[in-house]
Amino acid sequence: MSLVFSAEQFKGMYKPSEYGENWTDVPSSRRFHMMPEGEMAKLEESIKSEGIQKPVTVDRWSSRVVDGHHRASIALRHGLDIPVEYQE
24 MSLVFSAEQF KGMYKPSEYG ENWTDVPSSR RFHMMPEGEM AKLEESIKSE GIQKPVTVDR
84 WSSRVVDGHH RASIALRHGL DIPVEYQE
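For our numbering, add 23 to where a residue sits in the sequence shown, where the first one is 1.
These aren't lab readings, by the way, just hints derived from the structure by calculation. Computed from a predicted model, the values in this text were never measured in an experiment. Each statement offered as a hint is correct.
Here are the simulated lysine-lysine pairs, DSBU-like style, with alpha carbons at most 35 angstroms apart:
(1) Lys65 with Lys34
(2) Lys65 with Lys77
(3) Lys77 with Lys38
(4) Lys71 with Lys34
Build out the structure end to end from the sequences listed, making use of the hints.
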């Protein structure tokens, strides 16, 4: 079961795992470092039109994103809701 948070709620509750304590700390040059630009554009268009289909995985105890940094970052930029699943 996943929970759904607004972009503002998500940004205040969860941290990007590798880069700092806040999403604004993540340098733009590092946000999309693992996905080719063409794939990122496709993902962004899909999320803008259909929303996030696979929930972002967050570690319950550290509040850090484990999987879904790209999805979360895109949703945050566009102010979209973000579904979250927790990992123990």
